[in-house]
Amino acid sequence: MLKTFPKGGVHPPENKLTSAKSIKRMAVPKVVYVPISQHIGIPAEIIVNVKDAVEIGQVIAKSGGFVSSNIHSPVAGTVTKLDLIIDTSGYKKQCIVIRTDVKNEANFQEIEYPLVKDIILEPKAILQKINDYGIVGLGGATFPAHVKLNVKEGTVLDHLIINGVECEPYLTADHRLMLEKAEEIMVGVEILMHALNINKAIIGIENNKKDAIDIFKKLTQNNQKIKVAALQVKYPQGGEKQLVRALLNREVPKNGLPLDVGVIVHNVGTIFAIYQAIQHNVPLTERVVTVTGKKLENPANYWVKIGTPITDLVNEVGGLPEGTRKIVNGGPMMGKAIKNTDVPVTKGTSGILVIADDEASRGEPKNCIRCSECVFVCPMGLEPHLLMNLSEKGLYERASAEDIMTCIECGSCSYVCPSHRPLLDYIRFGKQIVKKLNTAKN
Amino acid sequence: MSDSVLYSIFLLASLGIIAAVVLYVVSKKFYVYEDPLIGEVEAILPAANCAGCGSPGCRAFAEKLVKTDDISDLFCPVGGNPVMKMVAEVLGKTVAEKDPTLAVLRCQGGCDVRPKTTEYQGPRNCAISAMIYSGETDCQYGCLGDGDCVAVCKFDAMYMDETTGLPVIISDKCTSCGACVEACPRDIIEMRPKHKRDLKIFVGCLNQDKAGIAKKACDVACIGCSKCDDVCPKDAITMENNLAYIDPILCTLCRKCVEVCPTHSIIETNFPPKKEKKVEAIVEPEKIKTDA
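Heads up: the sequence lines are chains Z and A, in that order.
First residue of the first sequence: 13, per the working numbering; consecutive thereafter.
First residue of the second sequence: 210, per the working numbering; consecutive thereafter.
Wrong hints could be hidden among the right ones.
[As the list claims (entries may be wrong)] Below, simulated DSSO-like cross-link-like pairs (lysine-lysine); rule was C-alpha separation at most 27 Å, straight line: (1) Z:Lys104 - A:Lys276; (2) A:Lys419 - Z:Lys63; (3) Z:Lys453 - A:Lys273; (4) A:Lys424 - Z:Lys105; (5) A:Lys273 - Z:Lys93; (6) Z:Lys348 - A:Lys363; (7) A:Lys425 - Z:Lys42; (8) A:Lys425 - Z:Lys104; (9) Z:Lys307 - A:Lys363; (10) Z:Lys348 - A:Lys238; (11) A:Lys294 - A:Lys238; (12) Z:Lys105 - A:Lys425; (13) Z:Lys42 - A:Lys419; (14) Z:Lys405 - A:Lys363; (15) Z:Lys93 - A:Lys238.
No wet-lab data here; the hints were simulated from the structure.
Note that the structure is predicted; figures quoted are calculated from it, not measured.
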């Protein structure tokens, strides 16, 4: 019996259309739009001016505080504008617009980085470099990696967990990365273990990616420290708390972090970015994006420069098919529909999903029939129907007492609701208000 | 037979006496002194319990009025100056007279002038749709049209106009309690002084985008051309972030700005002669064209 988390969870159709397609490199766009807020926390501060020439990997926006991250230029070119551009949030946000220098060869060189296994740097230098090179969690939450790795002295850490679960339907970016960069990821894991002085690491992969599991099994055959664990296929296993519970049978306390039970969790994408930064001095300026959808001519995985307009990605896979209803940034469960395709790819864009008419409709909300399906599937053990009602009626204190803040917004409740009730919409809204009230209290 | 009747009467009477004594003792023992003024003041207040004054209900406001020494900062927007005057007489304190205000809608981007570019399927609630994205149109500053303001209005002073998709404020019913101002996630509703006969001139737009982008998103958007600023004789207009704002105190209602505005985003209300009378804050752009 394969491991999994015990409470709740759903199993939506996997639809991993692109899992057999190797990652191609996207053509460098003529213009890149780099938002200064691509991570959770304080937006970065712009340190370039209009008409400045920038090199690939040059810092163009400096980390604005502790919970913030540097942003590097993805291309060599000229800064043409500092303007407000609609980003994935649907609102206009400050962006650095850079025109690619077509004459500069650095833009079009495809560098094959050799595998470097020796870790030279001291732990402190590694952590500093992760901060400097703008690494954020690439699983989707974009939490600055150096904050996560900033472990207070005296904390007992015994496990590093590598998140290769990719439980979102459709997305295959992490899957492909694991297949193609397995050895680099292994080195990345060792770098982090060295930096944090941890002796055990587990790579958790869901059982629908058997090829990836095989590769890592082979690589870790004689390795006492790093293990691979196959997991039962269940959404939202990629959530930190669910993954820790599945692999180590440890319950992360509510409002707590995996750190509280001696674990640090990182996504495989982040591990690869860390490898690139430490061994090859390459900052985070590109990532793997799955462009997928049932009606698309040619769904595929791409290495995409941060700041590339999504229009370019859609054109690359054969344009928007007729009857497109929604374009989602991310997967179908947690992703967010975007307003138009001019939105740029950011550090948190793991996939672009094009949904046609027949799948996009949400259904007319009807009355709650008290079937308690939402309670059964909630991986956090909450009562979504209750939380929705409380936040709809404005009873935020009670919602707070019912642990609304522990909701991980996985959307399983909305997914199973036979009455099509907008459970997650209201819970998310309630969370926002409760958060505001809590900060006002303190 | 007669014994049992007497027995019952005696029992009930003694029970009554015991209960009376207990109640008397308890009421004396746990007596709470309450200023009779609070009741008096509460009777004067409009009993709307709208919380427009900042207190949770009229009773709480009455207590606050009685307990606070200097009540010049406290004001009941629903009762207005007359009620505050009566309160002041009862309490023997002085109140400051305030200009009555009225809610106005600073967006006139109805369905006909502000095309929808996306479709929203989530719950029809402004606060939620504002949290998710910038609305169905390309203007991220304008009305979302889900009627949170109408839902919170306790005086039936607002309704949704089905043709434009915008809320309408009924001036006669508006008590300027401010509930709609707080409910609007876009801060579109502003409290402006009522002036005489409810004459008002204000910029009916909050779009801070540059001219081209704003105009593309909405036909009646303020494009920040500052023509109104140039023509204003009283310097009542300030330009900030590609957006004009008319200071209601400096404005003398000369209407020069209304005439020069190329996008008709400046709204005038309730001006009699010559002009057609406009009771509502929303004016169709064609109408203004013929007017100007």
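Do the hints match the structure? See the list:
no.: 1; hint: Z:Lys104 - A:Lys276; in the structure: 48 Å, violated
no.: 2; hint: A:Lys419 - Z:Lys63; in the structure: 21 Å, holds
no.: 3; hint: Z:Lys453 - A:Lys273; in the structure: 23 Å, holds
no.: 4; hint: A:Lys424 - Z:Lys105; in the structure: 19 Å, holds
no.: 5; hint: A:Lys273 - Z:Lys93; in the structure: 54 Å, violated
no.: 6; hint: Z:Lys348 - A:Lys363; in the structure: 35 Å, violated
no.: 7; hint: A:Lys425 - Z:Lys42; in the structure: 25 Å, holds
no.: 8; hint: A:Lys425 - Z:Lys104; in the structure: 15 Å, holds
no.: 9; hint: Z:Lys307 - A:Lys363; in the structure: 49 Å, violated
no.: 10; hint: Z:Lys348 - A:Lys238; in the structure: 63 Å, violated
no.: 11; hint: A:Lys294 - A:Lys238; in the structure: 38 Å, violated
no.: 12; hint: Z:Lys105 - A:Lys425; in the structure: 19 Å, holds
no.: 13; hint: Z:Lys42 - A:Lys419; in the structure: 24 Å, holds
no.: 14; hint: Z:Lys405 - A:Lys363; in the structure: 16 Å, holds
no.: 15; hint: Z:Lys93 - A:Lys238; in the structure: 77 Å, violated
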